[in-house]
Every structure is written in structure tokens, then in C-alpha cells.
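Work the whole structure out from these sequences, hints included.
2 protein chains.
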Amino acid sequence: MTTRIWTAALAVIGDEILSGRTQDKNIAQIATWLNVQGIRLAEVRVVADKTEAIVEAVNTLRARNDYLFTTGGIGPTHDDITVNAIAEALGVPVVFHPQALAMLDAYYASRGGLNEPRKRMARVPEGADLIENRMSGAPGIHVGNIFIMAGVPHITAGMLDALTGTLEGGLPVLSRTIGCWVAESEVADLLRSAEKNHDGVSIGSYPFFREGRVGANFVVRATDAALADTCITDLTAALEEVGRPVVAGGI
Amino acid sequence: MTTRIWTAALAVIGDEILSGRTQDKNIAQIATWLNVQGIRLAEVRVVADKTEAIVEAVNTLRARNDYLFTTGGIGPTHDDITVNAIAEALGVPVVFHPQALAMLDAYYASRGGLNEPRKRMARVPEGADLIENRMSGAPGIHVGNIFIMAGVPHITAGMLDALTGTLEGGLPVLSRTIGCWVAESEVADLLRSAEKNHDGVSIGSYPFFREGRVGANFVVRATDAALADTCITDLTAALEEVGRPVVAGGI
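Protein chains in written order, with our numbering: chain F, 8 to 258; chain L, 8 to 258.
It is worth saying that the hints were derived from the structure and are not from the lab. There are no misleading hints in this set.
Identical copies look the same in the list; a pair holds intra-copy or inter-copy alike.
25 Å max Cα-Cα, derived BS3-like pairs, lysine-lysine:
#1 Lys57 <-> Lys126
#2 Lys203 <-> Lys57
#3 Lys126 <-> Lys203
#4 Lys57 <-> Lys32
So, in C-alpha cells, the structure goes:
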């Protein structure tokens, strides 16, 4: 049986990430959420607040993935150019979304009213619908296979929550982890064999240095739980055979 | 006077980032370090442990930036394919670097000796030289305009330290920050004017919600310190004129 693999890409939009000012948290957050939806994050690009950079990334990534997520650049200020750039990438005009206007109007009724900059957040590429924002006023935007999300991680989280279960995906990728107080370079052949002997798994090796000792966590990934379990069992036995007891779940 | 702008790209290589298992820290770390060298991080791609994905990213990014940094995939295990993929991108063979072999031999002399997986870490694209690793045995690699670094952030940090001051760059981008307890949507026009009135600055607006109130930090970036200072002074005055006192240095 071959299973269709569903992939997504992510474009993180923002000078604040490229300047080092802000530590990105959306890559890990969206990757983890996608796994649960049965969708794999296949590639990420971080691009500047520049139209041509956004257009290039959006057009490449949406063409070769089932879904494209973007984060950042949908606020009310001059540096928020994501909507315009994505409309340009799609070759459609930017229009006001009536429902977004109504939502913003309600949200700002008790917060000083809906001025021009705030109205900007109701602008969408023509043909878009909205992603509910459970944290603040301005909604996310869904157009074609593109999901345009906020940059602030807790607002992104609320939008992901609103999308949960609505995207078609395949089998989730499961992972099983074991840890071992060993230099990965001592057991590299053994890891390579374990991956080769279990078709359909991939094994990642993640070394660390802790409490004055070297160790590594080995992560077995597969869509088939039984296959992942068998691989972990065999890898555990192989490590213990060379005198390296493992810690289930990782160190 | 126009100043040449030096740019770098970063390719973060690793399934562990795309799966959400590991929170990337190298983007912010390398961005910050590059700023000090007078080099701007212009774009980042996160790619899977797949040869074709790495080759595509490396060839695109090295062609349109002064420098390309990569992180990840230079360890001893089967999933460490960065060196082979970059050699393929460059169209050169992979060779053992004698000095790297000697360094690894010395490092592993008291750690069980230099086995085949460990020797893998002395492999480089032909024509490369080494980047000192001040934290552990395996060096980084410099070939053409590419700097191949470790994935583990503290090892990357040691390699960056070894490179400090060795790369040609331009004027560092300086930043000045002020904070204000205001919704950015209330002062969006004022920010736009401040940027327009000071040619050569860019202003980023970074909203937050804290202690039950909304606020924002405004970051003025420029290569000219006097220009950044003037812009901050004018922006501060404009905000205070509309009854919004600012906090120097940000909130």
C-alpha cells in the first residue's frame, strides 16, 4: 500500500526575524500542528518585508506543496505588506472583506473606533475567506491553498486552533524516541542498518553533551505505529548488545 | 554617498526542525552575529535532509548573496549528508581534509579512537578549508562563499566566534528602539510619516499585549547612527504630541 503524502510549506515574513531581534516560534509551532493533521512541513523560507521576496517565495512554495502557510505582516502598519504581496503573486486585486470589516468594527467599538489603519486589516486578496482569530480583532485569511496567519505566536496558535480538523491530510507521522549515553559516532553503523532494515522509517540522531557526558537521542519516524515500534525494539536490542542500555522516551 | 550592502543567506538543514522536534536557535544567533560584521541576513531556508532540497537551496542562495551559511548535517551518522550535497551543488568531489583528519585523530585519541563514522567528519568538498571548532572535535568547512557550520547551537557559536572579523562587510545596521503603551493601529500614519521623512531608515512596529494592556515597540534601523537618532527623536516628539509618552529602549 502506498499512501499519499501531504505536504505544506511555510513562509515566515518579517525583518524582525532576519535582524535577529525576534526569535521565531512559529516554525516549531506550525510543524507540530501539521504533524497532527497528517501533513508534513516540507520546507520553510524566511523572507524580508519586501514585495518581490514574498511573491517569489509564495509562488514557488504554493506550486509544489499541498498547502502554504504564511506568518507575519498582516497588521495595520506600513511594514505590513503581506496581503498586497500575496494578491500580486496570485494576480488578483486586493478588496475589503465585508465580514472582516464587521468583525473589526465590533472589536474596535469599545477601543476607539475603526480608523483607516485598522480598516487595512480587513483587506484580502479577492476570492479569500477568513480564518477565525480567537485572540484579537483581525482575522487570518484563506485563499486558494494559502493560509495567511498572524506573526505573533499566540495569535497564530488561536488561528491554528480554528483550522484544526478542517484540512485534508494523510496519515500522521508518528515518532518514537530512545536516548542513550553514547557518542553517536560509536553507533553510526548500527543506526544506518536499523534504518535500512525497516523500510518506511527514518531515523534521526541528535547528539548532546550534558552532565559532563556525551549522549544522543534517536528518533524513529514512520506513519505505521507497528513499524516504528518494531524498529525501536530492534534498535534497542542492537544498542544493548554492544553494552549501551537505552532510556525509553529519550534523555 | 551610497554604501555597498553585503548580504548573507542561511540554509538550516535538518528534519528535526521541520518536524517541530527542535526549536531552531541558529537563525537568530547567526542574524545577530552577521549584523555586527556589517552583513545583513537577507533570506533563510529550512530544508529537509534530502540531497536535492539542499542542492537547490545552496545553488540559489550562494548565487545571489555575498555569503551563504549552512547549519546542520555535518555529524558522523547516516542522516548527515550536508557535505555530499554541497559538493554535488558545486560539482566537485568529496575528499578527506588532512588537517581535519589530524584534528579528529587527536580529539578521539582519548575517546576510543578514530573509527569510520568519525572519519566521515573529515570529509569536505574539494578545495575547502576549515573553520575552527572551539567546542568539540569536528571542524566547520569553508568553500567558495559557503560556510558550513554545526547544527548544535553552542558549537555553531564557537565557529562564529572563530570567524569574527574575518569576513568583509559594510556598515553595521544599527537599531534604536522605543516602546509605547499604544495600539499600533492608532499611530500607524505617524510611523509611516516618520519613515518617509528620514530617508535611509526603516521602522518596524512590533505590537504586544502585556499586563492587560496593548503596546508596541518601534525599531528604527539605519547604518547611520545620527540618522537613526534624529528619527527616534522626531518619532518620540510626534508620539508625545498625541499624548503617548514613550519608553526609551523599548518596553
